[in-house]
Structures are given as C-alpha cells and as structure tokens.
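Engineer: The lines below spell out each chain.
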Amino acid sequence: MTLRGGALVLTLCLLWSAAGGSADRPFLTLASTTSTRDSGLIRYLVPRFRSLSGADVRVVAVGTGRALELGRRGDVDVVLVHARQAEDRFMADGHGLLRRDVMYNDFVIVGPRSDPAGVAGTGAALAAFARIAEHEATFLSRGDDSGTHQAERRLWAMSGVEPSASSDRWYRETGNGMGATLNTASQLGSYSLSDRGTWIAFRNRGDLRILFEGDPPLHNPYGVMIVNPERHPHVKVDLARRFVEWLVSDEGQRAIADFRLEGQQLFYPSAGR
Amino acid sequence: MPPERQASPPLRVEAERQAILPLRLEAVTLRMGRTTLLEDIDFRLTAGPCTVVLGPNGSGKTQLLRICDGLVAPTSGRVVWEGPAAARAAEARALVFQRPVLLRRSAAANIDYALRLRGLPSQERARRIERVLTDTRLADLADRPARRLSIGEQQRLALARAWALEPAVLFLDEPASALDPGSTGALESAIRTIRGEGTKIVMTTHDLAQAQRMADEVLFLDDGRLLEQTAAADFFAEPETAPARKFLRGEIL
Amino acid sequence: MSELGQAFVTALRLIVELDPDLAEIVLLSLQVSGSALLLAAAIGLPVGAVVAILRFPGRRAVIVALNAAMGLPPVVVGLLVYLLLSRSGPLGPLGLLFTPTAMVIAQTLLIVPIIAALTRQAVEDLSDEIDEQLRSLGASFGQRIATLLFEGRFTLVTTLLAGYGRALGEVGAVIIVGGNIGHVTRVMTTAIALETNRGDLPLALGLGILLVGLALTINGLAQGVQEVARRAA
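Chains as they are written, first to last, in numbering that gives the first Met the number 0: chain A, 0 to 272; chain Y, 0 to 252; chain X, 0 to 232.
Just so you know, these hints were derived from the structure itself, not from any lab. It is possible that some hints are incorrect.
[To be verified] Quick list of the computed label-pair ranges, beta carbon to beta carbon: (1) A/174 x X/12: 26 to 36 Å; (2) A/153 x X/22: 42 to 52 Å; (3) A/46 x X/70: 18 to 28 Å; (4) Y/86 x X/26: 52 to 62 Å; (5) X/17 x A/52: 46 to 56 Å; (6) X/70 x A/92: 51 to 61 Å; (7) A/134 x X/4: 35 to 45 Å; (8) X/89 x A/52: 48 to 58 Å; (9) X/60 x A/186: 41 to 51 Å; (10) X/72 x A/186: 19 to 29 Å; (11) X/231 x Y/98: 35 to 45 Å; (12) X/60 x A/206: 21 to 31 Å; (13) X/22 x A/257: 27 to 37 Å; (14) X/70 x A/134: 41 to 51 Å.
[Claimed, not checked] One-sided and incomplete, this derived list gives chain X residues near chain Y with beta-carbon spacing under 10 Å: (15) 129; (16) 165; (17) 218; (18) 221.
Note that CB positions come from ideal geometry on N, CA and C, so glycine has one too.
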C-alpha cells in the first residue's frame with residue numbers, strides 16, 4: 000500500500016513535469032563567467048534579446064577556463080569570457096567561428112580595512128601586488144583558471160613576484176568561484192583580486208574594502224565568440240549570430256552601458272572601439 | 000477440534016495427480032563444510048501410514064525433511080519419487096517449518112499467496128481458504144495480520160496453508176514444539192483430519208508422547224544415521240538398537 | 000539581527016510570499032529528484048534483492064562495490080555523466096546536456112548504489128527468515144524477489160527516503176550536468192550555491208531552511224503512511 004501510494008505520487012510528479020515544460024521557444028546556450036551572472040548583467044540582457052528575437056538564452060555560468068572548455072567540446076553555442084590571451088588561443092586553434100569585443104570593466108584589489116600591507120597608498124597595481132608579497136600578507140587566489148585568475152597571474156608576473164600555493168604560505172588558492180573566494184577572504188581578512196561587478200553585487204563583505212583601483216593593468220575586457228560549427232554541426236549559428244550582432248549593435252551596447260547595480264555602472268561598451 | 004465433528008467435504012478430488020509416493024532415499028549423505036549432518040541414509044516411505052522421525056536434538060531430523068522437500072540437495076546419494084506422478088512431486092508436497100514463517104499480510108492472504116503460486120483460479124482459492132481456516136478454527140481470524148496471531152494460531156495457520164495446497168505428502172518439523180498442551184491437541188487433531196483425507200504425514204518430534212499418539216511408523220535417527228525404520232507398536236515395545244532404547248528411557252545420548 | 004535569525008526570517012518570507020520563481024525551483028527539485036528516485040528504485044530494488052538471494056562467483060566483490068559506491072561524491076558522478084552527455088562524448092548527439100533529463104540521469108546513478116546496497120542488506124536479513132519457506136511453497140526466482148521486496152516494504156520505504164534525501168540535497172552532480180540555468184535547470188541546491196557565491200548568505204540559508212523543511216515534510220508524510228500501513232499488516 001505504501002509502495003503503491005508512493006508510486007502514485009511520483010507518477011503525478013512526472014506527469015506534472017511533462018505538462019509543465021515551457022521549453023518550446025527556440026534557445027541559445029551561452030557559457031559565461033560568474034561575474035556576468037552574479038552581477039545581474041545576464042538577467043538584465045537576456046529578456047531584452049528575447050523580446051527582440053523571440054529566442055531564449057540559457058546561460059551556464061562558470062569560470063572562464065571551463066566556459067572555454069564547454070565551447071571546445073561543443074556543449075554551448077556562444078562563449079562570453081574575459082581572458083584575452085586564452086580567447087585568442089581558442090580562435091587560433093579553430094574552436095571559434097568569430098570573436099568580438101563586447102565590453103570591459105575592471106578588477107579591484109580588495110582587502111581588510113586595516114590594510115596591513117599598505118596597498119592603498121601605492122600608486123600602481125603592480126606596486127600594490129609587490130607590497131602584498133613583501134609583507135607576506137595573506138592573498139586568496141581563485142586558482143581555478145578563470146579569467147580573473149589568469150589576470151591575477153599576469154599581474155604577479157608583471158610585478159616580478161611569482162608566488163605559488165605550494166611554496167608560499169601567504170598565497171592560497173580557493174579553487175572556487177569569485178563569490179566563494181570573497182566569502183573566504185572576508186572571514187580570513189585576506190587580500191584578493193575581484194572583478195568590480197561581482198564585488199558590487201557581493202553582500203557579505205564584512206571587513207573587506209576596495210583598497211586599490213583604477214590602474215590600466217586592471218583593465219578587464221570581455222569578448223564573445225561563436226563556437227565553430229565546422230567542428231560541432233549542431234551549433235545554432237544563425238541564432239548565435241543574431242545574439243552576437245545584437246550585443247555589439249548600438250542597441251546592445253547602449254543596454255550594457257545603461258545597466259546599473261546599486262546606482263553604479265559596471266560594464267563599459269567596447270565594440271565600437 | 001473434536002474428531003467426531005461433522006467433516007467438511009474432502010478437498011482431494013484428483014487423487015491420481017498426487018500419486019508421487021513411494022519416496023525412496025538411497026545412500027543419502029549431507030555435509031556442510033567438514034560436518035557430516037546425514038550419513039548414508041536409506042529408506043522407503045509409502046502412502047498411508049503416519050511416519051514419525053524420532054531422535055535427539057542435532058540428530059539430523061530437520062535436515063532430513065529439508066532434503067525430502069527438495070530444499071537442499073544431498074551431497075551424495077539420491078532422492079527418488081517412485082509414483083506415477085513423480086514428475087510433479089514438487090507441487091505435491093509441502094513442509095511446515097518448526098517456527099511458523101508467515102508473511103506480513105492477513106491470515107487468509109497468507110494462504111491465498113501459496114495458492115496463487117500454484118496458479119489456482121480465484122473461486123477455487125476462496126473455497127480452499129474458507130475450508131482450511133474453518134477446519135483449523137481460524138475462520139474468525141481470517142482478516143487479522145498473520146504476524147499478530149499467537150504462536151499457536153500461527154502454527155495452525157502455517158499448517159492450514161500447507162493443507163490448502165492439498166499435498167500428497169506433508170512434512171511437519173516439530174509442529175508442536177512451542178505450543179502449550181491445548182494448542183498441541185488442536186494441532187494434532189487437525190493433522191489427523193488431513194491424514195484422514197489421504198495425505199501422507201511425515202513429522203519429526205522429540206516428544207515421545209506425541210510420537211506415540213501420532214505414529215504408525217517410526218524412523219529413528221541418531222547422529223546423522225538412520226538406526227531404525229519400524230512399525231510404531233514394535234518400536235515403542237522393544238527398540239532394536241541400544242541408542243533407541245536409551246532414548247526411550249529418556250537418557251541423554 | 001544575527002545572520003542566523005535573518006536566515007529564518009528570510010525562509011519564512013520566502014514561504015509566505017510564495018514567489019513564483021521560487022515555486023518553480025522547488026517544483027523542479029521535487030520533479031528531478033522524484034524521477035531519479037523512481038528510476039533508481041526500479042533498478043536498485045531488484046538488483047539489491049537479486050544480489051541478496053543469488054549465490055554467484057564474485058558476489059562478495061559486488062556487495063563491497065555497492066557499499067562503497069554509496070559514498071560516491073556527487074561531483075564525480077556529475078563529471079562522469081557530463082563526459083557521457085557532452086557533445087564530444089558518446090551520448091552527445093542526444094543533446095541532453097543542460098536539461099532536467101541530464102540531472103535525472105546523474106541523480107539516478109548517484110542513488111542506485113544506495114538503494115541497491117540497503118535493499119540487499121534488508122532483503123538478505125529477511126530471506127534468512129522466509130526464503131526457504133517461499134522455495135518450499137514453490138515460488139519461482141522472480142516470485143521470491145517480488146515477495147521479499149514486498150515483505151520488506153517498511154524497511155525499504157526508509158531506504159527509498161534515504162535515496163530521495165540524497166538526491167534532493169546534492170548539488171555537485173546537478174550543477175555540472177544541469178548548468179544551473181535559470182528557469183530551466185535551477186533547483187534548490189544550485190540556487191543555494193548561487194546565492195552563496197553572490198554573498199547573500201541569509202537568502203542562501205533561507206533556501207536551505209526551506210529545503211530542510213521540505214525534506215522533513217516528505218519524511219513525515221512517509222512515516223505517517225508507513226504507520227497506518229504497518230497497523231494493517
């Protein structure tokens with residue numbers, strides 16, 4: 000009786016799910032970074048594109064490294080990431096059909112209000128990084144091959160310090176998303192590098208503050224790429240083209256520029272530049 | 000259940016279908032690991048007399064019934080059904096275990112389960128269920144959960160279930176070992192009724208009084224060996240072997 | 000107010016407001032995990048019962064493997080299913096990646112070992128008691144399996160609930176094969192992961208409280224049904 004009752008409930012559940020399916024609308028699958036989702040940009044852009052095209056955009060938000068991997072494997076139609084060198088490699092290796100600049104924002108160096116390494120006083124991002132290393136102040140790296148992680152490694156290289164989680168006790172990798180890393184940093188009182196979008200949307204700052212910002216090496220450009228249909232014939236090229244063309248169109252670029260989070264502009268259009 | 004009570008119509012209609020006896024065991028030996036449970040057993044059981052397997056604890060009585068019922072294969076030797084219907088022997092025998100094994104459902108459903116396994120039509124099942132429950136005085140408990148019955152009622156239900164199958168041979172393993180005298184009497188009377196309908200009864204017991212009440216023929220087992228197969232009157236008057244004599248005198252073997 | 004207090008207030012508000020987005024997420028959670036349970040039960044119950052009563056070479060090894068697989072990390076199962084369903088994987092052409100179906104498959108694989116292993120134990124204990132009687136009554140192999148499962152139904156309900164709880168509560172597998180796509184594959188656990196990442200800890204914990212409440216309700220209902228049924232058997 001119990002089993003029969005349980006089976007009935009489950010069957011109803013299944014029927015319900017079959018009837019409730021809303022996925023008749025055409026859709027595009029986009030691999031994007033957590034920064035565009037967690038900041039709310041995606042939730043803001045997708046309905047605009049939908050009302051124009053009648054098509055949905057299904058967004059899988061992961062780190063840049065995994066987003067590119069999803070593109071290489073053909074699991075998505077479009078990739079929106081921020082790691083220029085990796086993007087160029089993706090195109091050079093023939094994984095992409097085309098690539099466009101879309102927008103940029105910037106990275107910020109966050110850390111505890113007390114700023115034990117004295118980062119706030121430095122005039123340049125590279126000097127700030129050098130100071131952190133000098134003081135051996137705890138720094139939390141994403142360590143997940145995301146765009147932010149790649150940018151951070153580049154900044155370390157440029158500042159002449161190449162810390163490694165295996166030999167430097169003050170340098171630690173979370174292997175996690177930006178938000179999770181910020182959660183950890185706020186608990187440990189560590190320094191970290193964050194994209195500005197995630198930072199502004201982040202609610203659990205605790206004692207963390209922006210300690211350094213606004214230097215050109217902290218520039219964070221986003222590019223969009225269509226996955227190469229020659230490698231993956233099921234890629235929805237037409238819809239993907241429409242989406243990319245809309246993103247770089249005047250209308251799309253204006254939408255990006257108009258997006259505000261807590262009154263602040265997060266992303267700056269860059270397609271026309 | 001008084002023996003003189005009005006008998007219900009007998010269950011058995013197709014006597015021929017069940018003609019699987021005699022049962023012959025030839026040099027049957029059963030070992031588990033290094034232990035020899037039964038050794039070199041030979042006997043032949045014919046239709047009719049009630050056979051009681053006697054012997055002290057651990058003498059192999061239960062294993063002997065399991066072999067006869069086909070639940071375990073002997074390590075060596077043969078179990079042969081010699082009757083014309085031998086091919087259907089599996090359907091024509093039943094075993095009631097020492098501890099009644101009942102399913103989590105009503106008393107009637109327990110019997111119904113066994114009858115369904117034989118593929119009987121529902122009307123026939125209903126007829127048999129009513130009949131055996133009445134004759135084991137369980138009719139009032141038909142809808143009660145079987146596992147909530149008293150131990151005596153459970154043992155009778157297990158017997159009723161076996162009976163409903165209308166077996167040619169019914170094996171009973173210590174059927175009254177856990178029962179008080181009143182329940183034992185009811186059980187024995189039900190066994191007599193079943194026997195009266197032509198079912199061959201083969202039962203084990205270590206209760207001498209019960210053996211004397213029930214047995215027409217005795218198989219005496221000691222330490223895995225069959226020491227005697229004798230008419231009951233002769234056995235109880237004068238056993239042939241020393242261990243049997245000791246057993247009858249109530250000495251520990 | 001403390002963060003914990005805030006979380007409870009948030010949970011209450013979520014329930015009272017019955018936000019349609021949230022309702023959608025809760026429903027999808029129940030459907031995905033429910034379907035996974037149904038499939039896993041259809042596989043795990045008979046497999047567990049067969050392993051319990053059939054003696055075959057390598058049986059010990061199978062039991063050890065089943066017991067060990069109960070502890071499979073969801074991420075590993077997710078990764079495995081991802082590699083199978085990825086467009087570059089063997090089942091890629093089916094186009095199932097990032098769909099609720101993919102999530103059902105992953106959770107099914109995740110909980111089949113739990114259901115099979117616990118069923119094996121329950122049925123084996125039960126078969127010591129009744130299997131010989133069933134064989135004596137002339138039950139076929141299939142009939143013995145069916146009867147043993149039915150006789151063990153009260154224990155097995157708990158087994159199924161354990162499987163359902165594991166499916167409903169896991170995030171590692173569904174986030175990989177489902178992609179946590181809003182309105183498509185977002186379930187309670189991936190929503191919690193998302194809100195945690197956004198640093199909205201009260202909302203994340205509020206969703207967590209809701210999930211626990213849901214699990215409690217389901218278990219309570221099952222317990223009630225079980226007690227009523229037990230009284231009748």
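Engineer: If a hint holds in the structure, say so; if it doesn't, say that too.
Structural biologist: Tested hints:
At roughly 33 Å, the beta-carbon separation of residue 174 of chain A and residue 12 of chain X lies within the given 26 to 36 Å, and the hint holds. Distance hint for residue 153 of chain A and residue 22 of chain X: a CB-CB separation of about 45 Å, consistent with the stated range 42 to 52 Å. Roughly 42 Å separates the CB atoms of residue 46 of chain A and residue 70 of chain X, a value that falls outside the hinted 18 to 28 Å. Separation of residue 86 of chain Y from residue 26 of chain X is about 58 Å and conforms to the stated range, judged on CB atoms against 52 to 62 Å.
Between residue 17 of chain X and residue 52 of chain A the beta carbon distance is about 31 Å. The supplied range of 46 to 56 Å is therefore violated. At about 39 Å, the CB distance of residue 70 of chain X to residue 92 of chain A disagrees with the hint of 51 to 61 Å. Judged by the Cβ atoms, the range 35 to 45 Å given for residue 134 of chain A and residue 4 of chain X holds: they are separated by roughly 37 Å. Against the hinted window of 48 to 58 Å, the Cβ-Cβ separation of residue 89 of chain X and residue 52 of chain A comes to about 33 Å, which falls outside the hint.
Range check, residue 60 of chain X to residue 186 of chain A: Cβ separation about 45 Å, and the 41 to 51 Å hint holds. Taken as a hint, the range 19 to 29 Å holds for the pair residue 72 of chain X and residue 186 of chain A, whose Cβ atoms sit roughly 24 Å apart. Residue 231 of chain X and residue 98 of chain Y have their C-beta atoms about 24 Å apart, which leaves the hinted 35 to 45 Å range violated. With their beta carbons about 54 Å apart, residue 60 of chain X and residue 206 of chain A fall outside the hinted range of 21 to 31 Å.
Range check, residue 22 of chain X to residue 257 of chain A: about 31 Å between beta-carbon atoms, so the 27 to 37 Å window is met. Checked against the given bound of 41 to 51 Å, the beta carbons of residue 70 of chain X and residue 134 of chain A, roughly 43 Å apart, stay inside it. Interface restraint check for residue 129 of chain X: the shortest CB-CB distance to chain Y comes to about 5 Å, inside 10 Å, so the restraint holds. Checking residue 165 of chain X against chain Y: minimum C-beta separation of about 27 Å lies over 10 Å; hint violated.
For residue 218 of chain X, the suggested interface contact is broken, since its CB lies about 22 Å from the closest CB of chain Y, more than 10 Å. For residue 221 of chain X, the interface hint is violated, since its Cβ never comes within 10 Å of a Cβ in chain Y; the closest pair sits about 18 Å apart.
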